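Residue numbers (my numbering), protein chains in the order written: chain A, 1 to 262; chain B, 1 to 408; chain C, 1 to 290.
Calculated directly from the structure, the hints in this document are not laboratory data.
Predicted model only: the values in this text are computed from it and were never measured.
Even for Gly, the Cβ is constructed at its ideal location relative to N, Cα and C.
One or more hints might be untrue.
Listed next, the stretches of chain B that the computed footprint assigns to chain C, with coverage defined by at least 3 CB atoms under 8 Å from CB atoms of chain C [stated by the list, open to error]:
#1 180-194
#2 280-289
Calculated lysine to any residue pairs in the SDA-like style (CA-CA distance at most 25 Å, straight line) [claimed, not checked]:
#3 A:LYS251 - A:LYS81
#4 A:LYS247 - A:HIS217
#5 C:LYS279 - A:TYR71
#6 B:LYS246 - A:THR128
#7 C:LYS279 - B:ALA245
#8 B:LYS20 - A:GLU125
#9 C:LYS279 - B:LEU131
#10 C:LYS279 - A:THR74
#11 B:LYS20 - A:LYS81
#12 B:LYS246 - A:ARG13
#13 C:LYS279 - C:GLY207
#14 A:LYS145 - A:TYR71
#15 A:LYS145 - A:GLN177
#16 B:LYS12 - A:GLY134
#17 B:LYS12 - A:PHE127
#18 C:LYS237 - B:ASP401
#19 B:LYS246 - B:LYS20
#20 A:LYS81 - B:ASP401
#21 A:LYS247 - A:SER61
#22 C:LYS237 - C:LEU145
#23 C:LYS279 - C:PRO258
#24 C:LYS237 - C:TYR156
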Amino acid sequence: MSTDSERADVEDRSYGPDDGILVANDLRKEFGGLVAVDDLSFAVQEGEILGFIGPNGAGKSTTFNSVTGTYPPTDGTVYFKGEDVTGIPAHEMVKKGMARTFQEFAPLGDRSVVKNIELALAPDELFTLAGVGGESEALATEIAKRVGLGDVLDQTPSELPHAGMLKLELGRAIATQPDVMLVDEPFAGLSGKEVQELSEVMESLRQHGMTLIVVDHNMRGLLNLIDRAFVIQFGSKIAEGDPDEIKNDPKVQEAYLGGDEI
Amino acid sequence: MATKTPFEGNTKERRREAVKEKLQFSELALRHRIGVYGVVLLGLFPTFLTPLELDAFRPVLFFMMFAMSWDVVSGYTGQLSFGHAFFFAIGGYGSAVVTTQHGLPVIVGIVLATVVAALGGLLIGIPALRLEGPYLSLVTLIAPLLLYQTFILFSESLPLFAPQGLGGTGGLPTQPPQVVGFAQDALITVTGNMSWALGRYYTAFAAFLLVLAVCYAVTRSSAGTVFTAIREDENAVRSSGLNPAKFKIFAFVLAGAVGGFAGAMFVHAGGFPNTENLLGPGRIDLSIQVIIMAIIGGMGTIVGAVAGALLFALTTELVNALTFTIPVLGIEFAALDPLPTFLLAMLVLVYLPDGVVPEAIRRGRRMRARYRGEEVPEPEPTGGNSPVQSTIQKYREEINDIIGRDNK
Amino acid sequence: MVLDTILSAAFISALYAVIAIGFTLIFGVGGILNFAHGGFITLGAFSAYIASGYFGLPIFVGLLAGTLVGAAIGGATYLGVIRYVRTRPVTILILTFVIGFFMMYFVRVFGREILGIDPLNIPVDPVIGFSSFANDVFIFATSWLLIGALFYFVNYTRTGRAIIAVSMSDKGASLVGIDSERINLITWVLAGAFAGYAGVLLAGSLGGGSWLMSIEPPAPLVLSFAIVILGGLGSIKGSVVGAYIIGFFETFTVTFAPGGSQLAGISSLVLLLVFLLVKPEGLFGREAAE
Chain A
1 MSTDSERADV
11 EDRSYGPDDG
21 ILVANDLRKE
31 FGGLVAVDDL
41 SFAVQEGEIL
51 GFIGPNGAGK
61 STTFNSVTGT
71 YPPTDGTVYF
81 KGEDVTGIPA
91 HEMVKKGMAR
101 TFQEFAPLGD
111 RSVVKNIELA
121 LAPDELFTLA
131 GVGGESEALA
141 TEIAKRVGLG
151 DVLDQTPSEL
161 PHAGMLKLEL
171 GRAIATQPDV
181 MLVDEPFAGL
191 SGKEVQELSE
201 VMESLRQHGM
211 TLIVVDHNMR
221 GLLNLIDRAF
231 VIQFGSKIAE
241 GDPDEIKNDP
251 KVQEAYLGGD
261 EI
Chain B
1 MATKTPFEGN
11 TKERRREAVK
21 EKLQFSELAL
31 RHRIGVYGVV
41 LLGLFPTFLT
51 PLELDAFRPV
61 LFFMMFAMSW
71 DVVSGYTGQL
81 SFGHAFFFAI
91 GGYGSAVVTT
101 QHGLPVIVGI
111 VLATVVAALG
121 GLLIGIPALR
131 LEGPYLSLVT
141 LIAPLLLYQT
151 FILFSESLPL
161 FAPQGLGGTG
171 GLPTQPPQVV
181 GFAQDALITV
191 TGNMSWALGR
201 YYTAFAAFLL
211 VLAVCYAVTR
221 SSAGTVFTAI
231 REDENAVRSS
241 GLNPAKFKIF
251 AFVLAGAVGG
261 FAGAMFVHAG
271 GFPNTENLLG
281 PGRIDLSIQV
291 IIMAIIGGMG
301 TIVGAVAGAL
311 LFALTTELVN
321 ALTFTIPVLG
331 IEFAALDPLP
341 TFLLAMLVLV
351 YLPDGVVPEA
361 IRRGRRMRAR
371 YRGEEVPEPE
381 PTGGNSPVQS
391 TIQKYREEIN
401 DIIGRDNK
Chain C
1 MVLDTILSAA
11 FISALYAVIA
21 IGFTLIFGVG
31 GILNFAHGGF
41 ITLGAFSAYI
51 ASGYFGLPIF
61 VGLLAGTLVG
71 AAIGGATYLG
81 VIRYVRTRPV
91 TILILTFVIG
101 FFMMYFVRVF
111 GREILGIDPL
121 NIPVDPVIGF
131 SSFANDVFIF
141 ATSWLLIGAL
151 FYFVNYTRTG
161 RAIIAVSMSD
171 KGASLVGIDS
181 ERINLITWVL
191 AGAFAGYAGV
201 LLAGSLGGGS
211 WLMSIEPPAP
221 LVLSFAIVIL
231 GGLGSIKGSV
241 VGAYIIGFFE
251 TFTVTFAPGG
261 SQLAGISSLV
271 LLLVFLLVKP
281 EGLFGREAAE
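This is chain A alone, in the form it adopts within the complex (with noise of 0.2 Å):
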């Protein structure tokens, strides 16, 4: 458990509305008797890559689960885009503007990778013509190959490897066209290669002018790719900086002793 002489340095600022896309003040989630985050704040700065680092149980999930919508906080203020969307529900916040994928993959296994990420492009209306004329089609086979699935159009979440669902993930979460959107542990799984891959294809949505939040419990693949970074453990941010700093930061190494490498 974090003692207020360590929170002091990282834990002094509220955040405010208009300090960043996508901004938390005193964010805090219980389940029952658990504290699962603990008076959490950060603020993101837009067109930037922001990595939240942890390890395994810190909190990484919950906070986001509790920002995007997937259950709302028990306490605390979200702000997104200066707009109070605190407890929205997900399919909302993707409307406004901040998709997210998911650990655990969620694809439909019931159709091809094109129509997977041709739902994300329907719209949240019950009667319309959307997709008579054959455009969601074709901006689905733009988005594929753009995230590296050019090849599978056809074929069905089951027979891709992992790091082609971890491309249709990305691949559906960007066809609701976000200004923000979180990638929850990407690299898990991955080769060296796939590794670099996945970083080009989240710069490259950076630079289009995405804003983009990496969560990770491994940095190895994460330090190159972010700008800057958050550490949470136990529900509260511990360090706060960008990459050298994390890496020299000796509550981080403490956190990650005996624990998931640096």
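Place chains B and C on chain A using the hints.
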């Protein structure tokens, strides 16, 4: 807006072209052409069937509509409705009461009945959001049972709504005004028996075409892909910026409207508004038969529902036509009805889980490839889960949630 | 009058519990909503008629016949159909309905065509014919005996405890060497036996059975749903408690509410509906995961 999809060029023009292209008969895939031939054949029945045979076949058209109504919500979104006759009965009784007890014209009756049934869909669809698997099944099962009891409770009179009552177990005494009939209150009055039989048949056929068109259009539209996505994985739907609740409710409302419309047309095209016809002699018969038909034909396809209804009816006909005497028991085979049909249904359920239509399409593809000397296609041309598999997975997850099981 | 009603309710609730327990056992162990349960009940009553009404044997033999036939049919259903589709819950759901209908229509067709009786009025004598009160006590006593035996079985015997284990987790159970196929079979046989037994007693106390007896008032099939939802799907204790709640609710409504006899079918349905919407896990059921 983040989910605005960028369209370039003249969208409307492109869509018009696309639709025209899709409707070109010669361009249609074989299975679609067969379907069109089938529908045309149904329309041509009066040219070679006697009025008696037409009358015997007419209920099958309604079974097809009822089955489609089930498929559009349960086959597509995976929300299994076990009391679907609830909607048929609301439609049939509703229109009958409105036209006989309140004296309103047939058209008004049909429209009102459809609207009320759609509201019934809302009544089921909203609680359905909070209920999983078996609980949803039980709630939907209760609806027609409660309705049945209501008919009995208010058999003499239901103030304001049905001053002459709901008829109890025997049903409403008078047949409501017909769309095509002898009486003055019919929409189209005729004088000959032949025209009357034709009129009844074509009224049912017209209703069938309408229901088929609506169900087909919705399920092949963008909403349809969302429906099936809901069945597959609701989280995927949410993370695509779509509100699953909206679509789930819509599916029930649509199913209700379609079912209610079919029920209303039933009583105005020769049918009688009673519980035996609209709920089934065993109170839940019709609800279950409809499920059997849709699943046997192939759930989640709309076409499967039509085929399944036809198959079910044909089997029953066949059984009834076999009048030879069974040796030891000393009774006619036909007297065993409906047991052989149920037995056949069991066999299909166990051995052809995806249903007859998908299986037929698969076999047809293989045969055609072999005939043409082409490579026989993979068992699953596009791979992936079939509607039945997705629904099963979804249901299994829900059951495991409920009983707290920790295995898959 | 009130005392009479209380006693009535207490007696009949025990029988309802016996019916509901079979239903909940199958769900707990296999995750299956067995809609054929109504069929077991009907076949039990029918067998009793054949044994005592048709062949003239004493009604006790009829009771035995009903129970044995129920057990046999339960086992046969599992062995012949269910175990081949265990992994397809939706198919099973429809299948159990079809099987249930098959059984009901079987009674109708067989009764009408071969035995020459009216399938809506299948004569079944109460076990204790000279006094309806004594018959009710008999029902109460034997039902509780069965419930007690089941409790003992489930808590103190290896097989019984294995049933509980399988209901927790198929894989976990097989890890400790429990043959879940065998357990499932035993469960279905038990459920069938209980249902058959209850069918005979129910028909006896109502003055006769019918091919529709599982869904005509008091609609034991529907009552089973209500009871296990209230008590919690998969909980034996819940079935007993739920049976008493429903039993008392039904009996009091029918006796004291204005137009009560009309409400026979409705009150438990309404209660069930309310529970489904408010607290579907019931009193003792496991919480639905988030």
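For B:LYS246 and A:ARG13, compute the direct alpha-carbon distance and say whether it is at most 25 Å.
40 Å, violated
Next pair to validate is B:LYS246 with A:THR128; report whether the Cα-Cα distance is within 25 Å.
Between B:LYS246 and A:THR128 the Cα gap is close to 14 Å, so the pair holds against 25 Å.
Stated coverage of the region 180-194 of chain B by chain C [criterion: 3+ residues, CB within 8 Å]
With 0 residues closer than 8 Å to chain C, the region 180-194 of chain B misses the three-residue bar; violated.
Holds or violated: C:LYS279 with A:THR74, Cα cutoff 25 Å?
Satisfied, since the Cα-Cα distance of roughly 24 Å is no more than 25 Å.
Given that the region 280-289 of chain B was listed as covered by chain C, double-check it with a C-beta distance under 8 Å for 3 or more residues.
holds (count 5)
Hint consistency between B:LYS12 and A:PHE127 [alpha-carbon to alpha-carbon, up to 25 Å]
16 Å, holds
Holds or violated: C:LYS279 with B:LEU131, Cα cutoff 25 Å?
10 Å, holds
Below or equal to 25 Å on CA atoms is what counts here, so check A:LYS247 against A:SER61.
22 Å, holds
Tell me if the straight-line CA distance from C:LYS237 to C:TYR156 falls inside 25 Å.
15 Å, holds
25 Å Cα cutoff - pair A:LYS145, A:TYR71
With Cα atoms ~33 Å apart, A:LYS145 and A:TYR71 exceed 25 Å; violated.
CA of B:LYS246 to CA of B:LYS20, is that 25 Å or under?
31 Å, violated
Run the distance test for C:LYS279 versus A:TYR71: straight-line Cα separation, threshold 25 Å.
21 Å, holds
The structure fails hints 1, 3, 11, 12, 13, 14, 19, 20, 23 (numbered hints given earlier, in ascending order).
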